[in-house]
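Here the protein sequences line up with chains B and E, keeping their order.
So for the first sequence, our numbering puts the first residue at 147; every next one is plus one.
So for the second sequence, our numbering puts the first residue at 147; every next one is plus one.
These are calculated hints, taken from the structure and not from any lab test.
Mixed in with the good hints there might be a few duds.
Computed list of lysine-lysine pairs in DSSO-like fashion (alpha-carbon distance at most 27 Å, straight line) [unchecked claim]:
| # | chain 1 | residue 1 | chain 2 | residue 2 |
| --- | --- | --- | --- | --- |
| 1 | B | Lys332 | B | Lys249 |
| 2 | B | Lys443 | E | Lys224 |
| 3 | B | Lys224 | E | Lys242 |
| 4 | E | Lys533 | B | Lys274 |
| 5 | B | Lys231 | B | Lys248 |
| 6 | E | Lys562 | B | Lys533 |
| 7 | E | Lys533 | B | Lys249 |
| 8 | E | Lys224 | B | Lys224 |
| 9 | E | Lys224 | B | Lys533 |
2 protein chains.
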Amino acid sequence: MQDFALKGNIIYSKSLGQYEIVSNGYVVVSSNKVKGVYHELNLPIKIIDYGNALIIPSFVDLHVHAPQYANMGLGLDKELMPWLKTYTFPEEAKFKDLDYAKKVYKAFIKALWKCGTTRACVFGTIHKDATVLLMDLLTQSGLGAYVGKVNMNRNSPDYLIESTENSIQYTKEIIEKYDNQYELVKPIITPRFIPTCSFDLLERLGKLAKKYHVPVQSHLSENYGEINIVKTLHPNFKNYASIYDKAGLFGEEKTIMAHCVLVTDEEIDLMDKKKVFVAHSPSSNCNLASGIAPIRKFLSRGIPVGLGSDVSGGHRLSMTDVMVNAAQVSNLKWLETNHNLKPLNTAELFYLATKGGGSFFGKVGSFEEGYEFDALVIDDYSLHHLKPLSLEERLQKFIYTGDDRNIIARYVAGKKLEEPK
Amino acid sequence: MQDFALKGNIIYSKSLGQYEIVSNGYVVVSSNKVKGVYHELNLPIKIIDYGNALIIPSFVDLHVHAPQYANMGLGLDKELMPWLKTYTFPEEAKFKDLDYAKKVYKAFIKALWKCGTTRACVFGTIHKDATVLLMDLLTQSGLGAYVGKVNMNRNSPDYLIESTENSIQYTKEIIEKYDNQYELVKPIITPRFIPTCSFDLLERLGKLAKKYHVPVQSHLSENYGEINIVKTLHPNFKNYASIYDKAGLFGEEKTIMAHCVLVTDEEIDLMDKKKVFVAHSPSSNCNLASGIAPIRKFLSRGIPVGLGSDVSGGHRLSMTDVMVNAAQVSNLKWLETNHNLKPLNTAELFYLATKGGGSFFGKVGSFEEGYEFDALVIDDYSLHHLKPLSLEERLQKFIYTGDDRNIIARYVAGKKLEEPK
């Protein structure tokens, strides 16, 4: 691929809460990676001029359930555990049917592309074939992803449960076949959560993770009902996180834990020590009456944080919607903690939605030198600029009031992506 | 106007939490009003067939600030009082310039139309001419509204304050000229809130309301900082609401109080006694770190409630976004009150966004006989129906995942509205 540059108003983030802004600048791409961002350019390379548009790193969704896509926006009237039983498990069971899987996964990928999410950490179902299909379809689309075959061998309905042996065997087969198969789509070990995974299964998944150096994703301390079940199942463990930890699934390989709404200080210490990523999913946490995660506390400890749509606990795939929801609940958290945990501002949320989550993928989510070139081009003309706005304000207005109609181009690892078929 | 009928899948609400659903039915309109909803129709009238679309009452926004539209999505990083001083008052001051007012108000009206809000209770600014212009432009668009010239004669910046005499005089002039000028757009008495209105001004506004039988709108107990100021200004009143009440502005004529986040039990008793409408504005209450209003408590007392976007404290005009936000914070309120105040479900929020707010306008917001025919036609084909959905589920999916692109027709008082120029 020849070097090239995009021209426009460039905004990205190197560190939490700090914008880097180059108005009418150039971001130069060489071998899929960012070479640099410049005010002036005198290189004999192709320049794609996006005029007055904004050019930003594209969004990273650290937590999303692809097979729940058909349920998006439905059945958000229960807490986590009854919600799983009533709406989610019956839907996921359908993914033994590959035709249904293909229909839903194609629609999911199209929707992801549309809203400008170009990297995602995705839960599949327990079904090996459907999970592999999802990896193939994501690769065809050009999007980047970690995709997990879900493991669940207890406390699950008859129609959505697997034996420990099958669970391990299929997980292993996927890892062996797919760990080096694709450039941008990789397997990730995905025990659903403690209630549906025996400790034996968890330990064996921990060993797989270690043997193949494969990352891990799961859920942690999302909801009161869930935590009570975990306590009953494992009375001898001091907390939820320590169960994953004992099984070798808590930061031995790079790890994402979704939610972390109700974690104790001891669990936070462990998250910090093991540098476990938090996938903050505020829309879902509101929709399922889970509560508000103490994100400011995680950030001040240096725990890595990204954002997750958690569809279909979350009701929209768009990361800008998640950013707004995250700002809102951080304000409520500030009230709830007597002004102790400071609200998250737009610049901080922009960092979390780009480099924060992107760092789970490596050098992703920024325009610093050597980062994979993932970008969105935002034409915000339709957003009624009734008075002069700074570039920061234009970005904020897009986040709060814009939508997919404003995204006119998407790049992943240096390549422009057309709409998936 | 000749009688006519719309054909489609009809959903509306007569009472809180109850859907009325007629699939493939007819809503018949006679002299701007609903005559009835039928499964079969054998009348020789014009039928507009919307096929598989949903037909619902259009949305009512009980609380929105038109002059803040250019700020929508900007500056949501402060609490109410500093937010007013930093962002809002300087913006409102610009409305002494009628050219600027025209530009912003036209864009505001277009945006309102777009998202399917066909009736709104609108705050203007202190400027008489701009407020009158807003009423004229709304009338040209065909939308229905109460529009208030804002009153503020103290604790306001030099560039946005008026004398008591001018405040009363201009309010009176607008009422005398506009109370019977237009069918669907009417004046409403609009003291900004207690901090910016002397008691003398409030009392004189109360007298105007009584003399002309004009309704009233204001803000009540939105935010901690605001309430502290009110306490300091009026140490002899037992609470915020009682100040409005003493001035004759609390339900003597029909009255809306926006927010009511932090009202005391005594204030709730008074709201109940005077049947004061609450404009619940959850997005704004999150954005400005105000908190969560106890809506379930109001509803169980029979206090009338509608929803408000409160742009630009709120960041979107769309009432479906407000409904989702209202559901979310009601879940958090349920947690906060140890499961005492039950969450609001989608059917309840649909009622609040249609008939709940609509009842402030009279017979508006339902398809019951005699109601003014305000309707939206929703084509939800694009929302990925990957599996069969009931009509209730289709409505829920539109509310949670749809947007203005799904609204293909808007009717107000029997008339189809084209996009405002």
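Check the hint pairing E/Lys562 with B/Lys533 against an upper bound of 27 Å on the C-alpha distance.
32 Å, violated
Can you confirm whether the C-alpha distance between B/Lys231 and B/Lys248 stays at or below 27 Å?
23 Å, holds
Pairwise hint evaluation, E/Lys224 against B/Lys443, where the allowed Cα distance is 27 Å at most
Holds, because 20 Å separates the two Cα atoms, which is no more than 27 Å.
Could you grab the alpha-carbon distance between E/Lys224 and B/Lys533 and see if it respects the 27 Å cut-off?
With Cα atoms ~21 Å apart, E/Lys224 and B/Lys533 stay inside 27 Å; holds.
Take the C-alpha atoms of E/Lys533 and B/Lys274, compute the straight-line distance between them, and say whether it is at most 27 Å.
This hinted pair holds, its Cα atoms lying about 22 Å apart.
Can you confirm whether the C-alpha distance between E/Lys533 and B/Lys249 stays at or below 27 Å?
The given pair, whose Cα atoms are some 10 Å apart, holds under the 27 Å limit.
Next pair to validate is B/Lys332 with B/Lys249; report whether the Cα-Cα distance is within 27 Å.
21 Å, holds
Are the Cα atoms of E/Lys224 and B/Lys224 separated by 27 Å or less?
32 Å, violated
Straight-line Cα separation of B/Lys224 and E/Lys242 no greater than 27 Å?
With a Cα-Cα distance of about 50 Å, the restraint between B/Lys224 and E/Lys242 is violated, given a limit of 27 Å.
Violated hints for the displayed structure, listed by number in ascending order: 3, 6 and 8.
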